[in-house]
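Enquirer: Residue-level listing of the chains:
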Amino acid sequence: MTTDFQRAVEALLFASETPLSADDIGARLGTDEGVRSAIEAIAARHARHGINLVERGGRWHFQTAADLSHLLRETRESSRRLSRAGTETLAIIAYHEPVSRAEIEAIRGVQISKGTLDVLMEAGWVSPAGRREMPGRPLTYATTPAFLRHFGLSDRRDLPGMDDLRAAGLLDPVVDTGFDGELESSDEDD
Amino acid sequence: MTTDFQRAVEALLFASETPLSADDIGARLGTDEGVRSAIEAIAARHARHGINLVERGGRWHFQTAADLSHLLRETRESSRRLSRAGTETLAIIAYHEPVSRAEIEAIRGVQISKGTLDVLMEAGWVSPAGRREMPGRPLTYATTPAFLRHFGLSDRRDLPGMDDLRAAGLLDPVVDTGFDGELESSDEDD
Amino acid sequence: MNDGDFLTLDLDGWEGPLNLLLALARSQKVDLHQISILALVDQYLDYLNRAGAERLDQAADYLVMAAWLAYLKSCLLLPRAEQEDPGPEELAFRLQQRLLRLDAMREAGARLLARDVVGRDVFIRPAPEGLATEQRVTWQASLYDLIAAYGLVQMRRVPVLHQIARRPVLSLEAALSRIEAMLGRIGDWTAIAAFVPKQDDPDLQRSALASTVVATLELARRGVIDLRQQAPFAPLMICAA
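Protein chains in written order, with our numbering: chain A, 15 to 204; chain E, 15 to 204; chain D, 158 to 398.
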């Protein structure tokens, strides 16, 4: 592919408000051919510089190099700190998705307070992901592309320790023990 | 100056909401030394690519290469059939041009909405054709060369006349003779 | 069990009994896989005894957990026989798994937050131009549409005229002159049918009959002919007067 094509891909990625997939770029430029190699070439061109092209869930965007954060941080007010409940809930959703509210509560052993899921959804990191086909048809939640983008993950497989946790059986579906039942019923009373 | 310094300048320029002057950058990085040469090096590095570092009144910012700006605005074409009101209005303009809106309405016997003329102008078939020298100086409309092209006419006079329309059955069920004169004279009045 | 351990625990940071259990387990400073569930249960119950009265009396969850743990403990201490299924070891194992899972998720959350977070560690363009998509409509109309529309407009403009199409008829005058012409050639009484001209068109035939009848009535009135009919619906007979 020509350099002109690369330039076009670079311009699109630069100007876009959201990360772009190879398909997005292909649709925009009228051809899918060479998009991936152009993306790779651009990423390579920027690799060691102040701006990097990074993949987030199959979509690419430009961001400043991570090691420069100390120089840039003071320009912005730091984003509001996520509460511990929020952080745990987000982690549970990310590692178990799609996951229902009851399942999140079973893992945490405590009822989710009203605001917790709202905060995560408002931040755009979590969204409803359909209902589970079981009695009560509970709504499930999953993370969004914005979650991957915000936390700098190329892919859900990039989640720290994902493989180890799975190997240890810690990501298996929550089994319904007598203990779970008791805890959950007490949650529902609240 | 080190490459790290250049990287920092690049990241600052990228992440800034407004164009930055060399002084701005120097203040952020704690030294003015080398800022200008870093800016120049960065500008040179990006010069032939999709993103350019450009100066605007002593301040620098990144923007997409000027020759690629058309990529940021994509037009998607969809084809739609002209409405009946639109077709009638266009026909009246074609047969009677130049013709004012009030005259079109008089001929149609129905008011035309503002949108109807807008659509015809947007399609490029009709354009304003000066004002009529009469009270209120109403704007008149006429067809354009694009109109002739679209309808495969070499000239407006190629439009079928009354007799042709009648022969084609388009004026049925009017058959009476002595009626022609009336029609034609009324045409000429407009 | 070391009393000092739980006194340093920060209760405000805890949410629910599982979190408390996890905090207690961690305070033993051994791998969660090696943790003694029995010791943990004692710690939990002891903690509730000490702190619960002041701070946990509202928390039903803690008391439910305490009851369940007391039950688990008694099962673990009882002789092995006559145990229900799942056995106490299995229940203890599941509790341990849950603690491990919660611990893993807490760890994962912390690791997530430690990543290069957008807006904190890495930055994206604050106000990108965006990629605009403009919809452009290409309007379609054919020349036929155009002239047909003009025909419609013109038809709407002209006053509506009703025109009755002329139908084939035999006029009264024609019938009169035909009968008068034929009278000289006909001597005696003759049926009216002879005076009606033969027509192919059935409508014209009816018209001819009607006009001929009217003509005979007129000629009879003038005294040119006589009319005779033997019976209703019998043939109408004509003779020169």
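Keep in mind that the hints are not guaranteed to be accurate.
Take a look, some chain A residues computed to stay more than 12 Å from chain E by CB distance [what the hints assert, rightly or not]:
(1) Q20
(2) R21
(3) E136
(4) T154
(5) A160
(6) L173
(7) D178
According to the in silico footprint, chain E covers these stretches of chain A (three or more CB under 8 Å from chain E) [unchecked claim]:
(8) 29–43
(9) 59–65
(10) 96–108
Hint data in this document are derived by calculation from the structure and do not stem from the laboratory. Where a beta carbon is used, it is the ideal one built from N, C-alpha and C, also for glycine.
Enquirer: Does each hint hold? Answer for all of them.
Expert: Taking the hints in turn, this is what the structure says about them:
no. : hint   : result
1   : Q20    : 7 Å, violated
2   : R21    : 4 Å, violated
3   : E136   : 23 Å, holds
4   : T154   : 35 Å, holds
5   : A160   : 19 Å, holds
6   : L173   : 26 Å, holds
7   : D178   : 33 Å, holds
8   : 29–43  : holds (count 3)
9   : 59–65  : holds (count 5)
10  : 96–108 : violated (count 0)
The structure shown violates the earlier hints numbered 1, 2 and 10.
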